[in-house]
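Quick note: the sequence shown uses this note's numbering, first residue 1, plus one each step.
There may be inaccurate statements among the hints.
Dumping the calculated BS3-like pairs for lysine-lysine here, alpha-carbon to alpha-carbon at most 25 Å [what the hints assert, rightly or not]:
(1) K345 with K332
(2) K177 with K156
(3) K473 with K436
(4) K332 with K605
Pair by pair, the computed Cβ-Cβ distance ranges are [said to hold, decoys possible]:
(5) N133 with N294: 41 to 49 Å
(6) T348 with A649: 13 to 21 Å
(7) N294 with A649: 33 to 41 Å
(8) G324 with W719: 52 to 60 Å
(9) M721 with T647: 52 to 60 Å
(10) L21 with V108: 54 to 62 Å
(11) G324 with G138: 24 to 32 Å
(12) A649 with N133: 15 to 23 Å
(13) K473 with G580: 23 to 31 Å
(14) T348 with S117: 32 to 40 Å
Don't read these hints as lab results, they were simulated from the structure. What you are looking at is a predicted structure, and each value in this text was computed from that prediction instead of being measured. By construction, the Cβ of each residue, glycine as well, lies at the ideal position given by its N, Cα and C atoms.
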Amino acid sequence: MTGAVRRRDDASTDEGATLILALIVITVIALVVGAMLAFADTSVRTTVAVRAQAGNAYGADGAADAAINALRTNGYNNDSSSTTYPKCFGATNTLKLDNFYPGTTGEVPASARVVCSPDPISGAGGGLVPITNANKPGNAILTLGANPGEDGLHIKGLSSTIPFTVHGSVVSNSNIKVTNGSLVSNTAVFAHSGCSGTIVSAPAAACTSPAAADPNYQFDPAYGSPANAVPTYRSVPAAIAANCPAGVMTFLPGYYDDASALSALMSGSGSNPCSGSVWWFKPGAYYFDFHNSNSQNAVLPSDNDLWTVGSGQLLGGTPINAAGAPLSQPSKPVSVPGGCQNPIKSTTASGVQFIFGGDSQFQVSGTADAEICGTSRSPADARPTIAVYGLKSGTATTTSAVGLQATTVTSTGTGTPFIAPAGGTLTTGVAAADSKFDTWTKTGTTSRSATLALSTFAPTPVIPAGSIVSSAKLRIVYGASPPAVSRSVVITPNTPGAVAITKTVSTAAKPPNSTQTVDLNDATATGLAASIHTYGFAGASLFYTSTLTAAGVENVDAVLLDLSYIPPAFRAENTTSVAGNCLASTYTGGSAGQCAVVSTSSSYKGSFYIQALAYTPVAVIDLTLSNITQQALRFGVVSRALWAKETGAINYTGPVIEVPDNSPGYGPGGTIVYLTVYMCPAASSCDTGGKVGLKARVLIFDPSGTPSPPARRITIQSWSMQR
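Taking the hints into account, I'd like the entire structure generated from these sequences.
Written out as structure tokens, the structure reads:
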């Protein structure tokens, strides 16, 4: 019997593999479809987000445009000193734009808010100093002299590789002479009577130009109260260690007339305990009118009228630290330049003004440093800040105070004192030469004395300190029957610090109504002339004492004081104020009989800076510069003539003399503001909060100086979208 045959499955069949492949395909398709759906969702979401971002950007852009249009057309006074500043949009500095940007269907429109604020570094916000044509000189250099024998501008540059560089225009009413190197200006150069040497400018130098006018700037005392009053007289501090603690000697604003004392104090003498100090001149006006030469004042040492700083560092103005913060006083040493508050950099700089009159001169020599900083001026002040000023007008006149009388008289004595005339008083007896006598009757042979005490001999007006007394005489009208053992007067000025002055009166017998004149005008330290010069004179007490032995009668009719003096005055730098004034001589470099009002010595090695305008219209400035690191004359110079020389030690290649450019955004009535746009999406208002969408920096300029739409100019200086 045959059995049944069983069938085996073939292990090589692909039925299972097909199933796997099908599952893979399905999975891949699912993943691809899922990814595509996810990408589509992301794209939709991105489109929505970008559309919202674009809406904010367009809205912020439109809001800024609306704000600029408001600034262009409204009457906003963009002068930072105005009462409406910084209210750019009328009563406020914020422009509200409710429902400003339209929303999509079904959405609430976006709102915006634009805030206007001053740019803190443009000057409007109290940062940099606003410089305009109103408060700066018109030229970097202006020389006014027209003497054919005198160079208006004499320049000796170091070399062709280190030129004498000027930032600003150069104008000479005579010629310009460059003896070495080159004179380079970033703008125009003009001379009236010719040029020589290498001059580089754009346009080329014009050497036959019309003469320029003196700007006639006024000095600081002209703006004082009372106007044009000479500052308070100051004696030069003594060269003692107590006056220069920690190596700093302080000077107060005022009138100084002793060049010899200043030079001796600031010399490099080893015996001077203050040698090498910081000579700090506190902020204010200083008037230097020296009277040492030509016997102008017998009280002062006989010398020339040249003040020389031979050691240390002279600093004029408010001292500052390395960060520019004001200090109550400097410390030794100071950083020169950068030791005093610069009016070109600070709107609040409180500096000095050095005023020179007569034939007074100022020189820095050796290795001494000097930095003189002026006081800030706003454009509204309409004058530049001036640190050095030379007077071109003014004379001193002699004043007389004749017949000064006593208003109070008393009498004492070891015998019968003086008695008044019948029916009168002691005062009446000596008030005038009128034969009304104060009488002393002496009896017996014992020596006795009687004294008349008189006061106050007060002049009107009071004689100020610094006055030069040319005559001081006491007239005594009296009669004395016997000769006296002694007669004397003791005068004590009633000004604090003044000392008593004793003078002898004749001891001879005198007939009635005899007049004796006692000269009080000696030049000794205890004389009346010296006392008045140092302290002034408002009156005095006087004791007239007579000592007799024999019996007799002494009658005093009058005691009168006669003074003749020259009070401090602003004197021009000419020969009218000082005969033979060396400042008025034709200047050819400083030969005999010539002098410059401001100079550095020919071998000068220190650092010299004037941080403001130097204005000496009738005198010469002569500078040798060797160790400067920035502009030596920071705000330009106006002088009769200017000599300037660079030495081999100099390696500074920037402008030596400069007049700054106008500040960004400044001109009459101009300023810079920031516009900050806040966006509030889907909100009916944007009074607070929101996101910053845009910032713009905008220059607003009114050509007329007052709000003047539509002439007002708007310049966009920056435009930054905020993401």
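Here's how the hints hold up against the structure:
| no. | hint | verdict |
| --- | --- | --- |
| 1 | K345 with K332 | holds, 23 Å |
| 2 | K177 with K156 | holds, 9 Å |
| 3 | K473 with K436 | holds, 22 Å |
| 4 | K332 with K605 | holds, 19 Å |
| 5 | N133 with N294: 41 to 49 Å | holds, 43 Å |
| 6 | T348 with A649: 13 to 21 Å | violated, 35 Å |
| 7 | N294 with A649: 33 to 41 Å | holds, 37 Å |
| 8 | G324 with W719: 52 to 60 Å | violated, 32 Å |
| 9 | M721 with T647: 52 to 60 Å | holds, 55 Å |
| 10 | L21 with V108: 54 to 62 Å | holds, 56 Å |
| 11 | G324 with G138: 24 to 32 Å | holds, 29 Å |
| 12 | A649 with N133: 15 to 23 Å | violated, 36 Å |
| 13 | K473 with G580: 23 to 31 Å | holds, 30 Å |
| 14 | T348 with S117: 32 to 40 Å | violated, 21 Å |
Of the hints listed earlier, those the structure fails to meet are numbers 6, 8, 12 and 14, in rising order.
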